[in-house]
Each structure stands twice: as C-alpha cells, then as structure tokens.
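The residues making up each chain are set out below.
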Amino acid sequence: MVPLVDVVFILLLFFMLTTSIAKEKQLPVGYSTATTSSTEVVTRELVIETEDGVISAEGQRISTHDAKKLAAWVGLDADAIYIVDTQSQISTQALVTVLDRLSDAGATQLMVKEDQP
Amino acid sequence: MTVELRQNPPSSDTQLIPLINVVFLMLAFFMIAGQIQRPDSVVLETPISESESDRQSSPITIAVTKDERIFVNGTLVLQEELVNHISEMSDEIGSPSSPTILLRADARLAAVRTRAILGALRETGIGEVSLATLHTSGFRE
Chain A
4 MVPLVDVVFI
14 LLLFFMLTTS
24 IAKEKQLPVG
34 YSTATTSSTE
44 VVTRELVIET
54 EDGVISAEGQ
64 RISTHDAKKL
74 AAWVGLDADA
84 IYIVDTQSQI
94 STQALVTVLD
104 RLSDAGATQL
114 MVKEDQP
Chain B
30 MTVELRQNPP
40 SSDTQLIPLI
50 NVVFLMLAFF
60 MIAGQIQRPD
70 SVVLETPISE
80 SESDRQSSPI
90 TIAVTKDERI
100 FVNGTLVLQE
110 ELVNHISEMS
120 DEIGSPSSPT
130 ILLRADARLA
140 AVRTRAILGA
150 LRETGIGEVS
160 LATLHTSGFR
170 E
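Chains as they are written, first to last, in my numbering: chain A, 4 to 120; chain B, 30 to 170.
The hints are simulated quantities; they were obtained by calculation from the structure and are not laboratory data.
Ideal placement from N, C-alpha and C gives every residue a C-beta, glycine not left out.
Watch out, some of these pointers could steer you wrong.
To give an idea of the interface, some chain B residues facing chain A are shown, with a C-beta separation under 7 angstroms as derived from the structure [what the hints assert, rightly or not]:
#1 PRO47
#2 VAL52
#3 LEU54
#4 ILE61
#5 ASP69
#6 VAL71
#7 LEU73
#8 SER80
#9 SER82
#10 SER86
Taking lysine-lysine pairs in the DSS-like style, the calculated list, with each CA pair at most 30 angstroms apart, reads [as the list claims (entries may be wrong)]:
#11 LYS116/A / LYS72/A
#12 LYS71/A / LYS116/A
#13 LYS72/A / LYS95/B
#14 LYS71/A / LYS95/B
#15 LYS26/A / LYS71/A
#16 LYS116/A / LYS26/A
Covered by chain A, according to a simulated footprint, are these stretches of chain B (three or more residues, beta-carbon under 8 angstroms) [to be verified]:
#17 143-149
#18 158-165
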C-alpha cells in the first residue's frame, strides 16, 4: 500500500506544480487608423474619462455601469466601428472592462485608438 | 458481571485509506481542471475580461510590465527598438499571412502606454493584435 501512496503523492505534486487553472483568453483589438481612412465605414469615437468606466461620447457622458443607457447609446448604430480612446490616468484594466461592456451592449466592432509611440 | 469486548486495533494500512481517498480526489481534480503549460517568463497581472476567445499560441508575444519594460518573447527590448525587432522577427517567421501578435499588458499599466505599443505595432504593418486576458471565472494567477 505504501509504495502506491508514494507514487500518487508524486503525481499529485507534479500536477499541482505544472497545471494552471486560470482560463486564459484573448481580446482582439484592431488598428483604428487603418479603418478610419476609408470613408464608407461609420465610426463612433468615445473617450474613457474615469477609472470606474465613465465615458464621454458625442457630447454626452455615460457611465458604462448603466447597462441600459449604454445599450441605448450603442443601439443608435451597433454596426459602427467603435474607437476607444482614454485619458492619461486610465489603466489597461479599465480599458479592457469598457471594451467588455461595449461588447455586452451590442457593439460588434471595437478598436483601441493607438497613440504615438 | 461485565464483559469487556476487545477490539483489534486497526492496521496501519486501514488507517491510510481516508488519506489516500483525499489524495486521489485532489489528483483527479488537478488532472481534469488544470492544463499543463509552460509558465510565462514575464510575471504580470493579466487584465480580467469576459472575452470568450481562447488564447491562441502566437509566434510573437509582447509582454509589458507595470514599470513599462517591454519583453518580446521573453527578451527585454527598448521601446525605440521595438518596431525594428518585430519587423525582423516577422521576416524570420516568413509566414505568407500576417502573424497575430499577442500583447500581454499588465492590468495596472497606463492605457496610454498600451495604446503607444499598439501605435508602434501598427508602424510595423504586420498582423492583428490581441490583448491577453483572464476570464472572469478564472483564478488570478
């Protein structure tokens, strides 16, 4: 019995050290300037103002927490290309969260506005 | 008159059975729920997202840490050299279609820096870019 337990312990140790339980995903982001040069596509720009997801777009401030209001704004033209810009103090996590919320609100094409390197 | 019932002490093997059961259950959990992968050489806090697209293996992975250091496939690269470095790597890969670049940006990194890296990648004129994320139901690394 004891040798079996030893082997099982070693197997357990191996799997505990080598496996990852976190589900790794990816979020595709396009190059915004490549699409804005074409005149046929409709683009809508928005700027993330605060870390908790308040955006300003087309002259109005919208909290992305307010799913109904955001869906109403996105619903005006859900097929447009949404180009997301940020204020300087915004973190990458806040950017990703806003992209998620826009996607939930029905936006299908999301792009992050590139900055000058 | 009282009769004393004498019970044989359990053997050491019998005492081990509950322990073995637990260890087997843990082994089964890690074998089923986990996935074996090479650990990323650059440790950073991946942004959490609801994105459902599985992370694809990418020939070019760029990691940007919180303190703005840039690693291309694990090698430290200066911001000024990034465009040349990526262009050279793209030529080496020699794929007819543009490769996808996986950008692992730290969740705490300023989004402006992430956007600047995207700007630099656009200059190389290659590939599509995806941001590496962790699913909301996943555990923090």
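Right, here's what the structure says about each hint:
1. Annotation: interface hint on PRO47/B violated; nearest CB of chain A at approximately 12 angstroms, more than 7 angstroms.
2. With its C-beta approaching chain A no nearer than about 5 angstroms, VAL52/B sits inside the 7 angstroms limit, and its interface hint holds.
3. Annotation: interface hint on LEU54/B violated; nearest CB of chain A at approximately 10 angstroms, more than 7 angstroms.
4. Of the supplied interface hints, the one on ILE61/B is violated, with its beta-carbon coming no nearer than about 10 angstroms to a beta-carbon of chain A, more than 7 angstroms.
5. Contact between ASP69/B and chain A, as hinted, is not supported at the beta carbon level, the nearest pair being about 10 angstroms apart and thus beyond 7 angstroms.
6. For VAL71/B, the interface hint is violated, since its Cβ never comes within 7 angstroms of a Cβ in chain A; the closest pair sits about 14 angstroms apart.
7. Because the smallest distance between the Cβ of LEU73/B and any Cβ of chain A comes to about 10 angstroms, over 7 angstroms, the interface hint for this residue is violated.
8. Interface restraint check: SER80/B against chain A, minimum CB-CB distance 4 angstroms, threshold 7 angstroms, status holds.
9. A cut of 7 angstroms between beta carbons decides the hint on SER82/B: the least distance to chain A is about 5 angstroms, and the hint holds.
10. Using the Cβ-Cβ criterion of 7 angstroms, the hint placing SER86/B at the interface with chain A is not satisfied: the shortest such distance is roughly 11 angstroms.
11. Using a Cα cut-off of 30 angstroms, the hinted pair LYS116/A and LYS72/A holds, with the two alpha carbons roughly 23 angstroms apart.
12. Simply put, LYS71/A and LYS116/A have alpha-carbon atoms about 25 angstroms apart, close enough for the 30 angstroms limit, and the pair holds.
13. Restraint check for LYS72/A and LYS95/B: not satisfied, since their Cα atoms lie roughly 33 angstroms apart, outside the 30 angstroms limit.
14. As the CA atoms of LYS71/A and LYS95/B are separated by approximately 34 angstroms, the hinted pair breaks the 30 angstroms bound.
15. For the hint pairing LYS26/A with LYS71/A, the CA-to-CA distance comes to about 29 angstroms; that is within 30 angstroms, so the pair holds.
16. Only pairs whose Cα atoms come within 30 angstroms are accepted, and LYS116/A paired with LYS26/A is accepted, the gap being roughly 27 angstroms.
17. Check result for the stretch 143-149 of chain B against chain A: holds, 7 residues qualifying (beta carbon to beta carbon below 8 angstroms, three or more required).
18. Here the stretch 158-165 of chain B counts 7 residues with a CB under 8 angstroms from a CB of chain A, which clears the bar of 3, and the coverage holds.
Hints 1, 3, 4, 5, 6, 7, 10, 13, 14 from the earlier list are contradicted by this structure; the remaining hints agree with it.
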